[in-house]
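Please build the complete structure, drawing on both the sequences and the hints.
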Amino acid sequence: MAFAAFSSTTAPSTDPVARRRSPVALFLLLPGILYLVLFFLTPLVSLLLTSFQAPREFGDIGQYDYAFRWQNYVEVVTTYWPHIVRSFSYALAATFFALLISYPLAYFIGVKARKWPLLQSLMLVLVIAPFFISFLLRTLAWKQLFADESFVVQSLKALSLLGPEAHVTGTAFSVIFGLTYNFIPFMTLPLYTTLERLDVRYLEAGSDLYASPFQVFQKVTIPLSMPGIVAGTLLTFIPAAGDYINAGRDFLGGTGTQMMGNVIEANFLVLQNYPSAAALSIILMTVILVIVSIYVKRSGTEELL
Amino acid sequence: MAVGAFADRGADLELVGIEKRFPGFTAIENLHLTIPAGSFFALLGPSGCGKTTTLRLVAGLEEPTSGRILIGGEDVTDQKSFQRPVNTVFQSYALFPHMTVLENVAFGLRRRKIGDPVAKAHEALLLVELDHLAHRKPQQLSGGQQQRVALARAIVNRPALLLLDEPLGALDLKLRRQMQLELKTIQEEVGLTFLHVTHDQEEAMTMADTIAVMNKGRIEQMGEPQQLYELPKTAFVANFLGQSNLFTGPVVSTTSSAIAVDVFGQQIVVPLKRAHRVSGEVTIGVRPEKLTLHADAPTHDSSRNVMGPGKVIDVSFSGVSTQYLVAVHGVGTLVVFAQNVAFGPAAQVGAEVWLSWNVDHGFGLDDDPAQAPRFEADLDTRTIAQQRRSSLITELEEA
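Chains B and Y are the protein sequences, given in the same order.
The opening position of the first sequence corresponds to residue 1 in the working numbering, with each subsequent residue numbered one higher.
The opening position of the second sequence corresponds to residue 1 in the working numbering, with each subsequent residue numbered one higher.
Keep in mind the hints are simulated off the structure, nothing from the lab.
Even glycine gets a Cβ: it sits at the ideal position worked out from N, Cα and C.
There's no promise every hint is true.
[Unchecked claim] Simulated restraints, written as ranges between beta carbons of each label pair: (1) Y:D262 - B:P117: 58 to 66 Å; (2) B:L29 - Y:G48: 46 to 54 Å; (3) Y:H132 - B:L30: 43 to 51 Å; (4) B:D199 - Y:P36: 30 to 38 Å.
[Unchecked claim] Under the rule of at most 27 Å between Cα atoms (straight-line distance), these lysine-lysine pairs were calculated in the DSS-like manner: (5) B:K143 - B:K219; (6) B:K115 - Y:K290; (7) Y:K216 - Y:K120; (8) Y:K80 - B:K112; (9) Y:K80 - Y:K113; (10) Y:K120 - Y:K80; (11) Y:K233 - Y:K216; (12) Y:K137 - B:K297; (13) Y:K137 - B:K219; (14) Y:K120 - Y:K137; (15) B:K219 - Y:K120; (16) Y:K290 - Y:K233; (17) Y:K174 - Y:K137; (18) Y:K80 - B:K219; (19) B:K115 - Y:K174; (20) B:K219 - B:K157; (21) B:K219 - Y:K113.
Put into structure tokens, the structure is as follows:
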């Protein structure tokens, strides 16, 4: 997708001037390459090596030796498969709800509010405004709002909409709610940028060709805003799948709502089972990569990007 | 709109008392217009005259402030655009970038659930000679090809009424001529009603059966191209549809067949049947190509009007003809088009010349010269530039 923008620079150049300049280009790329090697490639290799480590014989807890213990992967999958499934289904649900809320919002700001630029910028500021407060604080605030003694839950109980023993925090609902809430700006902004460029003349043409407003939306608006939908869902799904704040017991989650991020955190920091944590991280990364590449390929947005 | 069926022939369009106001200005005021079924109708006017708004009202993309729109006798004023038996070829083409050419053309057929949309789309593409590019995306086509796809996408639906919004504007001259011919052929072949909006007077004249010249939200004159050109009713039409030399003066004598107008001491005769006003102060005119240049004062001939002497102030050669600007004292600057029959210009800059034209070629306008200025200020840029130039030349001349 976005990498396509750089594809032309990698094409072999026959222009002698360009070839003479290429060392300069390489020199300019050097900081970036160094940065990636140091801070992305090295940890990745280290993570991969850690994931195959074996416990040291007669060693203490947290002492491991380099080995090729592939059984680590089998162990984490058999132990933690509910967390793996939960991670991706929560992330999927949060992505779905965020899209459901963000699309109309982005459509309003990007298309309907074009006539009023002031309203447009005001609404954009409101979308970004939550970033001014740490998301930890915001998530904690939601925990307060959803606490058993809170006004919201008490009222719901008084109205018998919730059972007397029911909780909101620690449920799948509150975790998905938290994920959705936290990632709405990441969904709205890319949607806004594509919808803002949407040429309404295409919509008029659709209407002129006998398409009802719903059909115009389905056949013209949605396909034309596909780049924004893809970008927004990726920006939501990828971090949401690895999130460990919303599902954390200190925040909106409970024992039954732990996600992969929580398990990785626990293995690394509490259990000091580094190989398991590393294996889980590699699994998380691989699954996301596979899902994302299938998704980008299937959505067929290459031409629109 | 009947689902699953084509319109079997073109429908007539009737606009009754249409008015369209936007905040701050009125785009169209009290427009009455009837376009007979099966005709090629051109709405001609400068930009901002309300012609595109009229088209959008018919397409259902704008709602009129008041008035009714009838297509084939049926009131469609309250119908949404997707319910109307109308298709538009947009100025920007508006081809869907996410669909192939074929899918673009089949779009309308699929929405109306017409059987075998792909085969019908191929047929329409064959008509515009683009079937070999059916599986390309619109961005991969040239401007002229995109224009033909837009046309195919509209006519494939066999709408009762086809709207064309300056569809040839982006094409170069040669391709434009070719497309004009193709459009005309298609219209005759399929027998649809075409409403063509354009600011290109030549295009309107070559293609349309009937032209309505629009200015400031009103129709100035309507008729066949030749009639409009030969007998313009207003100064605006006289100058927008081709060029005109206009003179203003009082009617000094009237016979049973003609009127004589005094233009700065020179008597100009206009046949009675070609004059819209026959008394008082009138504006008369003659087309530049009807004028003949004379090096010496021509002998008196009752069948010809003579004006002069004047001084040639500009000669511009344009291949087929040469344009002369002749300043006649008191009258102003006249434009003369002369066919290049002989080598070289017939007169040089600075030469003293006389002009004459057949009495039958003059025309009298309906405008009240006291109210209407000699030239409308709101013209297309080319005319304005020409006027500026001629007024500047006159100024320099007089100084």
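Hint check results:
no., hint, in the structure
1, Y:D262 - B:P117: 58 to 66 Å, "59 Å, holds"
2, B:L29 - Y:G48: 46 to 54 Å, "52 Å, holds"
3, Y:H132 - B:L30: 43 to 51 Å, "49 Å, holds"
4, B:D199 - Y:P36: 30 to 38 Å, "35 Å, holds"
5, B:K143 - B:K219, "41 Å, violated"
6, B:K115 - Y:K290, "51 Å, violated"
7, Y:K216 - Y:K120, "41 Å, violated"
8, Y:K80 - B:K112, "19 Å, holds"
9, Y:K80 - Y:K113, "18 Å, holds"
10, Y:K120 - Y:K80, "25 Å, holds"
11, Y:K233 - Y:K216, "16 Å, holds"
12, Y:K137 - B:K297, "18 Å, holds"
13, Y:K137 - B:K219, "16 Å, holds"
14, Y:K120 - Y:K137, "19 Å, holds"
15, B:K219 - Y:K120, "20 Å, holds"
16, Y:K290 - Y:K233, "18 Å, holds"
17, Y:K174 - Y:K137, "25 Å, holds"
18, Y:K80 - B:K219, "18 Å, holds"
19, B:K115 - Y:K174, "39 Å, violated"
20, B:K219 - B:K157, "44 Å, violated"
21, B:K219 - Y:K113, "15 Å, holds"
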